Amino acid sequence: MLDFLARLLKSSDNSSKDKAKERLRLVLVHDRALLSPGLLESLKEELIQVLSKYMDIDEQALEVNLDKSDDSVALIANIPVRNVKRRH
Amino acid sequence: MGKSIVITSGKGGVGKTTTTANIGTGLAQLGRKVCLVDADIGLRNLDVVMGLENRIVYDLVDVIEGHCRLRQAMIKDKRMENLYLLPAAQTREKDAINPVQMQELITQLKEEFEYVIVDCPAGIEQGFKNATAGADLAIIVSTPEVSAVRDADRIVGLLEAQELYDPKLIINRIRPEMVRKGDMMTIQDMIDILAIPLLGVVPDDESIIISTNRGEPAVMDKKSQSGQAFRNIVRRLEGAEIPFLELDDNSVVGRLMRMIGVGKR
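Chains as they are written, first to last, in this note's numbering: chain A, 1 to 88; chain B, 1001 to 1265.
Don't read these hints as lab results, they were simulated from the structure.
Small disclaimer: the values here were computed from a predicted structure and weren't measured.
One or more of the hints may lead you astray.
Under 8 Å between C-beta atoms, here's a sample of chain A residues computed to sit facing chain B [unchecked claim]:
1. S16
2. R23
3. V27
4. K44
5. E46
6. Q49
7. S52
8. A77
Distance windows between CB atoms, simulated [stated by the list, open to error]:
9. A:D58 <-> B:M1080: 31 to 37 Å
10. B:Y1165 <-> A:S42: 19 to 25 Å
11. B:E1104 <-> A:D58: 41 to 47 Å
All C-beta atoms, glycine included, are put in the ideal place defined by N, C-alpha and C.
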């Protein structure tokens, strides 16, 4: 019972093993996708640059992620558009 | 011109990466300008031990192949101004680089940093040759186990073949209560066998697992016993004469013995 309580308290207190698991999960997504988080970040920045030429996008809400299912990897981007720019 | 140190062992899993992270962070805490280099291409881990895995854009192989400048690949530590990490490539193999290229890279880093600490991969093949190529000093990490000491001894010989003489020894994961019972080799036993000078002794310590979970080297934790061992090691590297820790025997018997004044203090 005490042990159970201690475990309960620990897990809500963001114990180091939870932290470890969370970090591992993140790092493995990138390892398996062969793309580092930093590289994904620069991809995101360049995407914003290019897209901004054509439309007004919500940079804060932009999401770019790698999704792995079975044996294929997909780059999934969710890019909210505020306005499409008119060509002069 | 800075000094380059390679952390090696031969055997895997004895604590090279943890040692690299702690020595580098410890030297940076003393105000030294330090660059850590992960030479374990294909199996990088120094980034996660340092908690810097989310910041990697380029890596060591990118630098050597000219895909980016050295500056772009170096990651600044999030806690300290004067500490940097050059990560290994994760999706390449050891033969993506050669010792000559590595030596040039280390020489370049030594112009900017006071210490360049290289985390060597396990094994004695290409990865080992790359990692040791530009080193001025080698530190051999061994645990008090037969297999680790045997491999450490082999490494002493291989380092000599690379013209790296006078390596220093770090004994990792010593368990005082087992030593006291005669179930683990003592520090003196290991020095007798390997016949190389001792740089430090690090106790087997749960705080290492916790600090690795968090990505924060134990040397930053003032309460950690292994952290203290690493703080002593960096001061010895800086030339200070620090006595070796009389390791606390934290077993119940050990504590009792001390209470009644029998055990070693």
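Structure-based check of all given hints:
{"no.": "1", "hint": "S16", "result": "holds, 4 Å"}
{"no.": "2", "hint": "R23", "result": "holds, 6 Å"}
{"no.": "3", "hint": "V27", "result": "holds, 5 Å"}
{"no.": "4", "hint": "K44", "result": "violated, 12 Å"}
{"no.": "5", "hint": "E46", "result": "violated, 12 Å"}
{"no.": "6", "hint": "Q49", "result": "violated, 16 Å"}
{"no.": "7", "hint": "S52", "result": "violated, 21 Å"}
{"no.": "8", "hint": "A77", "result": "violated, 19 Å"}
{"no.": "9", "hint": "A:D58 <-> B:M1080: 31 to 37 Å", "result": "holds, 36 Å"}
{"no.": "10", "hint": "B:Y1165 <-> A:S42: 19 to 25 Å", "result": "violated, 43 Å"}
{"no.": "11", "hint": "B:E1104 <-> A:D58: 41 to 47 Å", "result": "holds, 46 Å"}
Violated hints, in rising order: 4, 5, 6, 7, 8, 10; the structure is consistent with all others.
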